Amino acid sequence: MYPAPREPRQPGPSRAFRAIMRDPPQAPQHAGSTRMNIVAIRDALAGRIDAGAPVTVRGWVRTRRDSKAGLSFVNLHDGSCFEPIQVVAPATLANYESEVRHLTAGCAIVARGTLVPSQGKGQAFEVQADAIEVLGWVDDPETYPIQPKPHSMEFLREVAHLRPRTNTFGAVTRVRHCMAQAVHRFFHERGFYWVNTPIITTSDAEGAGQMFRVSTLDLANLPRDERGGVDFRRDFFGRETFLTVSGQLAVEGYCLALGKVYTFGPTFRAENSNTTRHLAEFWMIEPEIAFADLDDDADLAEDFLKYIFKAVLDERGDDMAFFADKLEKTAVSRLEAFLAAPFARIDYSEAIDILEKAPRKFEFPVGWGADLQTEHERYLSEEHVGRPVVVMNYPEHIKAFYMRLNDDGRTVAAMDVLAPGIGEIIGGSQREERLDVLDRRMAQFGLDPAHYQWYRDLRRYGTVPHAGFGLGFERLVVYVCGLANIRDAIPYPRAPGVAEF
RNA sequence: UCCCGAGUAGCUCAGCCGGUUAGAGCAUCUGACUGUUAAUCAGAGGGUCGUCAGUUCGAGUCUGACCUCGGGAGCCA
0 MYPAPREPRQ PGPSRAFRAI MRDPPQAPQH AGSTRMNIVA IRDALAGRID
50 AGAPVTVRGW VRTRRDSKAG LSFVNLHDGS CFEPIQVVAP ATLANYESEV
100 RHLTAGCAIV ARGTLVPSQG KGQAFEVQAD AIEVLGWVDD PETYPIQPKP
150 HSMEFLREVA HLRPRTNTFG AVTRVRHCMA QAVHRFFHER GFYWVNTPII
200 TTSDAEGAGQ MFRVSTLDLA NLPRDERGGV DFRRDFFGRE TFLTVSGQLA
250 VEGYCLALGK VYTFGPTFRA ENSNTTRHLA EFWMIEPEIA FADLDDDADL
300 AEDFLKYIFK AVLDERGDDM AFFADKLEKT AVSRLEAFLA APFARIDYSE
350 AIDILEKAPR KFEFPVGWGA DLQTEHERYL SEEHVGRPVV VMNYPEHIKA
400 FYMRLNDDGR TVAAMDVLAP GIGEIIGGSQ REERLDVLDR RMAQFGLDPA
450 HYQWYRDLRR YGTVPHAGFG LGFERLVVYV CGLANIRDAI PYPRAPGVAE
500 F
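Taken in order, the first sequence gives residues 0 to 500; the numbers are from numbering that gives the first Met the number 0.
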């Protein structure tokens, strides 16, 4: 019967397990600890470890193949790179029949042995095992969700805690990390400071959508004010508060003191939008530069995107090759094309001209004063220009109050970066730095200046021209990886009705 | 929120015009075979056909409501 060898499945802490616990949590590099020769699979496969060296690899089983020649092949992944390593387990191992032959996808093991050139095809190196210790069995192999076969992305969303074990989500995770590191590196190298703007805010009129309320009031017994409304003076902060929808207004204060700053943090929108492009919780990047106009802003946006894409191509070739192979054929080539040419730049008015003369029909009408629809944006970047294009100077009434009014009095210094395959990827503007004009704009938008005294102060005390832009990090991840749904670009997505895990 | 589509084995799916005991591939288990590469071959187990109601002699199949998921639109990053 089969169950007998399963006995050791709930062992006490083994020696290997205790060793893992002792392993420095922040090993300086992938080379790992010299104690026990623990190595990352990435280093073993890349030839950074001498052939013949004793090695220990730790990870999760992807597949097991048995050979009657007296050995089994165990493919092991540990997250350090896309490829798993092949562990060759000879039948002479003490637990070969009792344990090794029963390994299934998802089992956690520690394999000690020797790194050797592979006798088989498909990999340069493999681990010839002297010992294999099973740290964690898979409770019920038949119902273990992650099988060595293609799964639908829809199914994997239902097992968001296990999907990082798949090729796809391992790759997305590494690429996302690479991009986040590149974001910080890009700004740091250019003298920007990372500013952490508040997550809890009182600004409720940034025009960026519905907000999540933050409150400690007892919902079943709300305090009332004189007029019968909810008395937020009794709430935690003594006033009504929400989760941030943007750090831009707050970061402007730091921009007008430190010159070049950016935010990179979580952002929340309570819109009931159920699409492949929206999340209720996402990460936004918002640089803000002083002594800068809209052209400086567009330059920064172009440099920024190219830097991120280049970093991914340079550092994550293994994962990108997988995306190009399995998810989106042009995953790599379109990034290369993106890097190859300068962005086009056109005025909004020019864009309207182009669209009106376009040899095709649009579902939504085109006309000066109307905002560009997704179909318009795609036509401009994909068909008319054929590469990323920055559209600048939009009609003032379709853009936010803080955008700088141009001399023509009917446009503002706003820009959208449109890219083939995605449409709008970045939105930005030069900010209105003149107090009198800002006040007029706020009145025009029906905003109460009393709520923006601190923002107005920035125009009263040493105001200078400044500009910035914002982009949703996950949308960038979607584009880079060739994903179809933004819920696959973040570990545990939050969306209307979706807050499991 | 609106429009459209889909829910059948652990996963991916087939199932005709309503009619006998609901099938396949993968996965799992057993056996054979092999330095194997998502191995191969043979066999076995595995199903309240999303839920509830209705039509019918008879419903996986037709009708309605609901639930869940997906795609599109709007909003936007």
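Hints were generated in silico from the structure; no laboratory data involved. Fair warning: this is a prediction, and the values are worked out from it, not measured in the lab. It is possible that part of the hints are untrue.
[What the hints assert, rightly or not] Okay, derived cross-link-like pairs now, DSBU-like style, lysine-lysine, Cα gap no bigger than 30 angstroms in a straight line:
{"hint": "1", "residue 1": "LYS148", "residue 2": "LYS120"}
{"hint": "2", "residue 1": "LYS356", "residue 2": "LYS120"}
{"hint": "3", "residue 1": "LYS325", "residue 2": "LYS305"}
{"hint": "4", "residue 1": "LYS356", "residue 2": "LYS325"}
{"hint": "5", "residue 1": "LYS309", "residue 2": "LYS328"}
{"hint": "6", "residue 1": "LYS398", "residue 2": "LYS325"}
{"hint": "7", "residue 1": "LYS356", "residue 2": "LYS398"}
{"hint": "8", "residue 1": "LYS309", "residue 2": "LYS360"}
{"hint": "9", "residue 1": "LYS325", "residue 2": "LYS259"}
{"hint": "10", "residue 1": "LYS148", "residue 2": "LYS325"}
{"hint": "11", "residue 1": "LYS148", "residue 2": "LYS67"}
{"hint": "12", "residue 1": "LYS148", "residue 2": "LYS328"}
{"hint": "13", "residue 1": "LYS328", "residue 2": "LYS360"}
{"hint": "14", "residue 1": "LYS309", "residue 2": "LYS325"}
{"hint": "15", "residue 1": "LYS309", "residue 2": "LYS259"}
{"hint": "16", "residue 1": "LYS120", "residue 2": "LYS398"}
{"hint": "17", "residue 1": "LYS259", "residue 2": "LYS67"}
{"hint": "18", "residue 1": "LYS305", "residue 2": "LYS398"}
Exercise for the section: Determine which of the earlier numbered hints do not hold for this structure and return their numbers in increasing order. Expected result: 2, 4, 6, 8, 9, 16 and 17
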